[in-house]
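Colleague: These protein sequence lines are chains A and B, in that order.
The letter at position 343 of the first sequence is residue 343 when you use our numbering, and the numbering goes up by one with no holes.
The letter at position 340 of the second sequence is residue 340 when you use our numbering, and the numbering goes up by one with no holes.
Hints are not guaranteed to be accurate.
Copies of the same chain look alike in the list, so a pair counts if it works inside one copy or between any two.
Dumping the calculated BS3-like pairs for lysine-lysine here, alpha-carbon to alpha-carbon at most 27 angstroms [what the hints assert, rightly or not]:
{"hint": "1", "residue 1": "K125", "residue 2": "K244"}
{"hint": "2", "residue 1": "K230", "residue 2": "K62"}
{"hint": "3", "residue 1": "K230", "residue 2": "K125"}
{"hint": "4", "residue 1": "K230", "residue 2": "K173"}
{"hint": "5", "residue 1": "K362", "residue 2": "K220"}
{"hint": "6", "residue 1": "K111", "residue 2": "K125"}
{"hint": "7", "residue 1": "K230", "residue 2": "K244"}
{"hint": "8", "residue 1": "K193", "residue 2": "K203"}
{"hint": "9", "residue 1": "K359", "residue 2": "K79"}
{"hint": "10", "residue 1": "K62", "residue 2": "K203"}
{"hint": "11", "residue 1": "K79", "residue 2": "K230"}
{"hint": "12", "residue 1": "K193", "residue 2": "K244"}
{"hint": "13", "residue 1": "K111", "residue 2": "K62"}
{"hint": "14", "residue 1": "K62", "residue 2": "K125"}
{"hint": "15", "residue 1": "K362", "residue 2": "K185"}
{"hint": "16", "residue 1": "K316", "residue 2": "K111"}
{"hint": "17", "residue 1": "K185", "residue 2": "K150"}
Source of the hints: derived by calculation from the structure; they are not laboratory data.
There are 2 protein chains.
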Amino acid sequence: MEHVASFELSQEYLERFREAVEQRDDAFIRESLGSVRHEDVSALLEEFNAEQSKYVLELLEKEVASDVIEDLDEDTRAKFLTVFSPTEIAEYVEGMETDDAADILNDLPVKVREEVIANLENYEKASHIIELLRYDEDCAGGLMAKELIKANVNWNVVQCIEEIRRQAENVEKIYAVYVVDDNDKLLGRVSLKEIILARSSTKIADIYNSEIISVYTYQKEEEIADLMQKYDLEAAPVVNVQGKLVGRITVDDIIDVITELADQERKLMAGIAEDVEEDDTVWVLSRARLPWLVIGLLGGFVGARFIGIFEEDLLKVASLAFFIPLIMATGGNVGIQSSALVVQSLASITAFETSSWSKFLKTILVAILNGIVLAGLVYVFVFFSYDSTLAFVVSIALFSVVMLASLLGTAIPLLLDRLGFNPALASGPFITTTIDLLGLAVYFVVAHLLYNF
Amino acid sequence: MEHVASFELSQEYLERFREAVEQRDDAFIRESLGSVRHEDVSALLEEFNAEQSKYVLELLEKEVASDVIEDLDEDTRAKFLTVFSPTEIAEYVEGMETDDAADILNDLPVKVREEVIANLENYEKASHIIELLRYDEDCAGGLMAKELIKANVNWNVVQCIEEIRRQAENVEKIYAVYVVDDNDKLLGRVSLKEIILARSSTKIADIYNSEIISVYTYQKEEEIADLMQKYDLEAAPVVNVQGKLVGRITVDDIIDVITELADQERKLMAGIAEDVEEDDTVWVLSRARLPWLVIGLLGGFVGARFIGIFEEDLLKVASLAFFIPLIMATGGNVGIQSSALVVQSLASITAFETSSWSKFLKTILVAILNGIVLAGLVYVFVFFSYDSTLAFVVSIALFSVVMLASLLGTAIPLLLDRLGFNPALASGPFITTTIDLLGLAVYFVVAHLLYNF
Numbered sequence: 001m002e003h004v005a006s007f008e009l010s011q012e013y014l015e016r017f018r019e020a021v022e023q024r025d026d027a028f029i030r031e032s033l034g035s036v037r038h039e040d041v042s043a044l045l046e047e048f049n050a051e052q053s054k055y056v057l058e059l060l061e062k063e064v065a066s067d068v069i070e071d072l073d074e075d076t077r078a079k080f081l082t083v084f085s086p087t088e089i090a091e092y093v094e095g096m097e098t099d100d101a102a103d104i105l106n107d108l109p110v111k112v113r114e115e116v117i118a119n120l121e122n123y124e125k126a127s128h129i130i131e132l133l134r135y136d137e138d139c140a141g142g143l144m145a146k147e148l149i150k151a152n153v154n155w156n157v158v159q160c161i162e163e164i165r166r167q168a169e170n171v172e173k174i175y176a177v178y179v180v181d182d183n184d185k186l187l188g189r190v191s192l193k194e195i196i197l198a199r200s201s202t203k204i205a206d207i208y209n210s211e212i213i214s215v216y217t218y219q220k221e222e223e224i225a226d227l228m229q230k231y232d233l234e235a236a237p238v239v240n241v242q243g244k245l246v247g248r249i250t251v252d253d254i255i256d257v258i259t260e261l262a263d264q265e266r267k268l269m270a271g272i273a274e275d276v277e278e279d280d281t282v283w284v285l286s287r288a289r290l291p292w293l294v295i296g297l298l299g300g301f302v303g304a305r306f307i308g309i310f311e312e313d314l315l316k317v318a319s320l321a322f323f324i325p326l327i328m329a330t331g332g333n334v335g336i337q338s339s340a341l342v343v344q345s346l347a348s349i350t351a352f353e354t355s356s357w358s359k360f361l362k363t364i365l366v367a368i369l370n371g372i373v374l375a376g377l378v379y380v381f382v383f384f385s386y387d388s389t390l391a392f393v394v395s396i397a398l399f400s401v402v403m404l405a406s407l408l409g410t411a412i413p414l415l416l417d418r419l420g421f422n423p424a425l426a427s428g429p430f431i432t433t434t435i436d437l438l439g440l441a442v443y444f445v446v447a448h449l450l451y452n453f
Numbered sequence: 001m002e003h004v005a006s007f008e009l010s011q012e013y014l015e016r017f018r019e020a021v022e023q024r025d026d027a028f029i030r031e032s033l034g035s036v037r038h039e040d041v042s043a044l045l046e047e048f049n050a051e052q053s054k055y056v057l058e059l060l061e062k063e064v065a066s067d068v069i070e071d072l073d074e075d076t077r078a079k080f081l082t083v084f085s086p087t088e089i090a091e092y093v094e095g096m097e098t099d100d101a102a103d104i105l106n107d108l109p110v111k112v113r114e115e116v117i118a119n120l121e122n123y124e125k126a127s128h129i130i131e132l133l134r135y136d137e138d139c140a141g142g143l144m145a146k147e148l149i150k151a152n153v154n155w156n157v158v159q160c161i162e163e164i165r166r167q168a169e170n171v172e173k174i175y176a177v178y179v180v181d182d183n184d185k186l187l188g189r190v191s192l193k194e195i196i197l198a199r200s201s202t203k204i205a206d207i208y209n210s211e212i213i214s215v216y217t218y219q220k221e222e223e224i225a226d227l228m229q230k231y232d233l234e235a236a237p238v239v240n241v242q243g244k245l246v247g248r249i250t251v252d253d254i255i256d257v258i259t260e261l262a263d264q265e266r267k268l269m270a271g272i273a274e275d276v277e278e279d280d281t282v283w284v285l286s287r288a289r290l291p292w293l294v295i296g297l298l299g300g301f302v303g304a305r306f307i308g309i310f311e312e313d314l315l316k317v318a319s320l321a322f323f324i325p326l327i328m329a330t331g332g333n334v335g336i337q338s339s340a341l342v343v344q345s346l347a348s349i350t351a352f353e354t355s356s357w358s359k360f361l362k363t364i365l366v367a368i369l370n371g372i373v374l375a376g377l378v379y380v381f382v383f384f385s386y387d388s389t390l391a392f393v394v395s396i397a398l399f400s401v402v403m404l405a406s407l408l409g410t411a412i413p414l415l416l417d418r419l420g421f422n423p424a425l426a427s428g429p430f431i432t433t434t435i436d437l438l439g440l441a442v443y444f445v446v447a448h449l450l451y452n453f
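Excised from the complex, chain A in its bound form (with noise of 0.2 angstroms):
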């Protein structure tokens, strides 16, 4: 048995592995990687740039080698693949499984994509990479691969197993067996316990179970990742509209959508653009985030200009610029708490939605509530420490803020949501900074109107 600690990817193999690499030791390279799991030579190659990597890549099987492109970052991946010729790259695919491959000719010029298709020898696995290539990326067509098992509802169990032995090598994880008819249309499925359990004799069409969730092409990616978790499905087939079996998405696929989703969610909210990681370039990193600064930057501008209109007032009463931070901060705070939750409930599955009316009610309620504590406390603060017409123009401001950020809060996640945008931009510099405005107005007017009366 082995842990998976058992590899462990030191700092000091590391160094040792450079060393290798640098004085073309194939020897120790060979040896040292034998034992090592695809996964960790990809993680070991991030370390090494494109010429280093083409070395060792070529140092090993080709079958293994192919895995070990396959599960590399996408960046590294491109920029590795630059310094192998469409002949080359036509080798490594033909070692994948087609949903692996169109992956990687996806992200290749075109010409070279085409050029490595045209190299490659399997005539089916092109055909079927050129028909994945037809399909969005983030739709059933674009992640399903077309390695599956297949066995005609009029097969016995024989006939099923000589099917699995002919595709073994081909489909490395199986799961079921998918039942068909003569036209390929998907009846049903027969796991592979089931199998091992029946007679050889017995009839595909006895034993299958034809009640199957499976999803269509054109399916989006999140509604499938939903699907296969409420269902805990390990597998998903795909159908086209006539239902017609034409691939299998497997749950590992589904996981990298589900993190890759969370990734996603994530930088909106922060306001970073979104393919950029910590390690890339320091321009690559500040021209991904400058947008969203430079954005809440011109809300900083209209803010000056706007409390510019009320510089007398504050020449007047100094006091008043004391609590711009907090009515600014907590209408933020506000704002962003409510978007998550919209958030959150749109992305949870849920089967019946709650009337839109009573959600409303209950989110006015929690503003009143929450406004009704934070203005008491405003109030007493600032009676206190200062004196009672600012307490009431402070706490009435916030008080209006609250109400207003999570109404805004609500509301925007709900309009992107319907408008087909991700509902997490609510949460991102854009929206916060547009309530950070509305607050400043909100206190601005309030106060002039209550220290003019």
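Fit chain B to the known structure of chain A by using the hints.
Modeller: What follows is chain B alone, placed relative to chain A:
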């Protein structure tokens, strides 16, 4: 073939079903739920109260009812189970897999839990459940189920198939047979595919794969999720410190872990107490949100006091107040961006740590670059709209705030992580409040110094 869409939990069906529940229309309920998946029945019951649900559950077959209960939302289930007697709960628990049974028992009051266990008729299952209850819920021991197929290394394929037959009812999804020695020590695995393709007389010893990834009972759920995602596992055997096979974790449970962790992170980032959902009561929702809002408020009080120190500066140059929002908003945005990038890099599986030194250097370079761009924009804007001294003050302050927010936004999540807290806390209101206050301090101190020279 049944597409999932074929059972739409429509509003109309819900109305009809509600009527049936009220009129105790047993026939309609039995018939209409007959063809529905248990996950959908669970979703349906979320709309009913405990008494109504009990009535519906009692109309279902015992085994289906067990599945429905197991699949309910945790809070709903706890509410429902209060109207069942321990004997009744025991009957349902009898029909569940051990991991689900342990999860449910964990949520029950101790007295009820003991009574339920005492009422279990299946002695083996009871002892398994008791074993699972010993483990923390967030480690491998708490996630695993006792249901699995194990084969002695000295068996042949026929014996192995016999064992599968014997356990077929208990273990719903098999994936692989785990191979152990006479002392139950885990040696490896044989996939169902290999069993199907092997001859009956083949020795397990000759076909099993000893390169198997297993986890220890004490390993944390995050670690297991990373592992299963990295190596694309649909199940992982769990061993105790002696290497004895004690359970199995399946990928569906890991998907739930990943989703829960993302949900938890989202709430931390938004400053919401962890265990709250949109459909909780107004009180619960309000209580979950107030603590962080009050912390923000306290920050606001400190801010007010702090600005108060510079009241004289403000009375001279009221326009200083105009840029409070800009400084605060930019500081907050930069801080959140920085911490989100760190949280992301902590969440992703990397084998090697880039040296902290080079990370730190990069953070500073990005901060300088962004700081220069933003300060430059502000300088130009303020210079043309107001005057050159103010332009100088605001841009110097802004640059300092960007630097400060970048460093804190990077350092705090790293620190939290090292101290064993969730680094996503760093994007929450507590830290943003700190950055806000420090930003204000920098702004006013810079202004005070420059205006008095």
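Colleague: If a hint holds in the structure, say so; if it doesn't, say that too.
Modeller: Hints, verified against the model:
{"no.": "1", "hint": "K125 with K244", "result": "within (19 angstroms within a copy, 43 angstroms between copies)"}
{"no.": "2", "hint": "K230 with K62", "result": "between (38 angstroms within a copy, 21 angstroms between copies)"}
{"no.": "3", "hint": "K230 with K125", "result": "between (32 angstroms within a copy, 26 angstroms between copies)"}
{"no.": "4", "hint": "K230 with K173", "result": "both (21 angstroms within a copy, 16 angstroms between copies)"}
{"no.": "5", "hint": "K362 with K220", "result": "neither (31 angstroms within a copy, 37 angstroms between copies)"}
{"no.": "6", "hint": "K111 with K125", "result": "within (19 angstroms within a copy, 61 angstroms between copies)"}
{"no.": "7", "hint": "K230 with K244", "result": "within (24 angstroms within a copy, 32 angstroms between copies)"}
{"no.": "8", "hint": "K193 with K203", "result": "both (15 angstroms within a copy, 20 angstroms between copies)"}
{"no.": "9", "hint": "K359 with K79", "result": "between (49 angstroms within a copy, 21 angstroms between copies)"}
{"no.": "10", "hint": "K62 with K203", "result": "neither (40 angstroms within a copy, 31 angstroms between copies)"}
{"no.": "11", "hint": "K79 with K230", "result": "between (38 angstroms within a copy, 21 angstroms between copies)"}
{"no.": "12", "hint": "K193 with K244", "result": "both (25 angstroms within a copy, 25 angstroms between copies)"}
{"no.": "13", "hint": "K111 with K62", "result": "within (24 angstroms within a copy, 61 angstroms between copies)"}
{"no.": "14", "hint": "K62 with K125", "result": "within (17 angstroms within a copy, 48 angstroms between copies)"}
{"no.": "15", "hint": "K362 with K185", "result": "neither (48 angstroms within a copy, 55 angstroms between copies)"}
{"no.": "16", "hint": "K316 with K111", "result": "neither (70 angstroms within a copy, 67 angstroms between copies)"}
{"no.": "17", "hint": "K185 with K150", "result": "within (11 angstroms within a copy, 37 angstroms between copies)"}
The structure fails to meet hints 5, 10, 15, 16 from the earlier list, while all remaining hints are met.
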